[in-house]
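Undergrad: Sequence:
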Amino acid sequence: MKETPVLKQSEAREHKVLEALRNKVATINGFIADAEKLRPEDPVEERMQQLFGRTLAGFPADSQAAYKEYRGLQERDAALRERLDSLDQESEEAQGIDDEMMSYIEREIELMNNPNVQLLHTLHSLGRNLLSKHAQVLEYGSDIGKMVTALHRYGFGISAEDIVSVRTEDAWGIVLTLEENWFAKNKPDSRGFHIRRTPFSVIRGGITGAEGTVRHEQLHNVTEHLVIAEDPNRAFTTQLAKYNVLKSTGENPHDLHRLQELFEPKEYIDYCHGEMISSAEQAFFENFDDGMESEERLLRAIFKVPVTEYERYAKSFRSAGWLMNRLLLKTATTRASNMDEELKGRLARFEAGLKSEFTSACRNIERAFNTIDSLSGKKRETAQDELLITLGLLNPSQYRHLPSYAEYLTKIP
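Be aware that the sequence shown starts at 1, since it is given in the numbering used here, and climbs by one per residue.
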């Protein structure tokens, strides 16, 4: 009898968390809806500043103040980084700047514990990416030759003859409709796709419901890289240098505490945020397949080398998996060539943690997408769009909430 209220409290708490998450998704959806009204010829940067200002004004006063402090610290931190790059890293001035930057970072972390600051940071990052896409839209204009050259640069063999029509969708997007024959030869199972880091959405000519496909690909265009993540390999190099400095200083308890925080798997999984978003839907449409050739699978079976869960996800989440494997190769190489036994131990634990965190994030994405896939029609499309935004709103280390959130979406009328 006593366990029932606890269960109800737990369910109520989870419902509250999921409801708060959906409110955040609604805020981002509203921001996107307003941004999509802008045309290339509008004073886009000014309008985006106004839009962000209106959005900021809708938050509680304490959250506004916390976010403004956070932005100020980021700007000071960026200025110090630029100064630091021009100095001898072992100099007294460089050490002083490094300490000052660390104090800023500690305060930034504290401020980012505020969920509203996190959301405003996400919206600011989204706006910054949209302005970058707007610059590309202006650069290409209506010049099909320039577009074709750019498409080749991004690895797509599309000629002017393949293009049925070109239209500028909004200030951030260019929609190319291609001949059905191009898709039949190059992407036979696809209705359309978005080319990452560009404003281009490519749609198959002659399909029914083309506007729905355009809308879906444009959502990818607008929301990709909701959070601008750091290159995990570059971050590892930076952290390794910090380790060597901190290890040499020895006895300072503050330095020893910082030493413990250097190789944190969750932080590095979050650095892969953009790649996780871009890989997730493709992995879903390919049924989260590991992509192994039959010969490789047969050899593994013969020699009793099973495909691990990490390997399956690293292959099905292609670009994110590639990024993770690069990082693991770098850590393993560092570990093998280093004589510091303490560092070797830390890196071995770090590698195991990276595989575990990456596998967990991908597993939760798979469960969430499969839950949404049980829906049909417009409800399925809407839920899938919301799930894509949620992938950007949450960091990969928070994807444990995705399966519950997907289940929550299926129960909304």
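Any given hint might turn out to be false.
[As the list claims (entries may be wrong)] Calculated pairs, BS3-like style, for lysine-lysine (alpha carbon to alpha carbon, straight line, at most 27 Å):
{"no.": "1", "residue 1": "146", "residue 2": "185"}
{"no.": "2", "residue 1": "146", "residue 2": "37"}
{"no.": "3", "residue 1": "24", "residue 2": "378"}
{"no.": "4", "residue 1": "379", "residue 2": "37"}
{"no.": "5", "residue 1": "411", "residue 2": "24"}
{"no.": "6", "residue 1": "187", "residue 2": "378"}
{"no.": "7", "residue 1": "355", "residue 2": "266"}
{"no.": "8", "residue 1": "16", "residue 2": "37"}
{"no.": "9", "residue 1": "266", "residue 2": "247"}
{"no.": "10", "residue 1": "411", "residue 2": "16"}
{"no.": "11", "residue 1": "330", "residue 2": "247"}
{"no.": "12", "residue 1": "37", "residue 2": "378"}
{"no.": "13", "residue 1": "315", "residue 2": "24"}
{"no.": "14", "residue 1": "187", "residue 2": "355"}
{"no.": "15", "residue 1": "344", "residue 2": "355"}
{"no.": "16", "residue 1": "315", "residue 2": "330"}
{"no.": "17", "residue 1": "16", "residue 2": "266"}
{"no.": "18", "residue 1": "330", "residue 2": "344"}
FYI, nobody ran anything at the bench for these hints, they're computed from the structure.
Fair warning: this is a prediction, and the values are worked out from it, not measured in the lab.
Undergrad: Confirm or reject each hint.
TA: Results for each hint:
1. 146 to 185: 23 Å, holds
2. 146 to 37: Distance ~26 Å between residue 146 and residue 37 Cα, so the pair holds.
3. 24 to 378: Holds: residue 24 and residue 378 sit about 21 Å apart, inside 27 Å.
4. 379 to 37: Roughly 24 Å separates the two Cα atoms, so the pair holds.
5. 411 to 24: With Cα atoms ~18 Å apart, residue 411 and residue 24 stay inside 27 Å; holds.
6. 187 to 378: At roughly 25 Å apart (the allowed maximum being 27 Å), residue 378 and residue 187 satisfy the hint.
7. 355 to 266: Holds, at roughly 10 Å.
8. 16 to 37: The hint is violated at about 32 Å.
9. 266 to 247: 23 Å, holds
10. 411 to 16: 15 Å, holds
11. 330 to 247: It holds: about 20 Å lies between the C-alpha atoms, which stays within 27 Å.
12. 37 to 378: 23 Å, holds
13. 315 to 24: At roughly 31 Å apart (the allowed maximum being 27 Å), residue 24 and residue 315 break the hint.
14. 187 to 355: 31 Å, violated
15. 344 to 355: Given pair residue 344, residue 355 holds - Cα atoms ~17 Å apart, limit 27 Å.
16. 315 to 330: The given pair, whose Cα atoms are some 18 Å apart, holds under the 27 Å limit.
17. 16 to 266: 25 Å, holds
18. 330 to 344: Judged against 27 Å, a Cα distance of about 13 Å means the pair holds.
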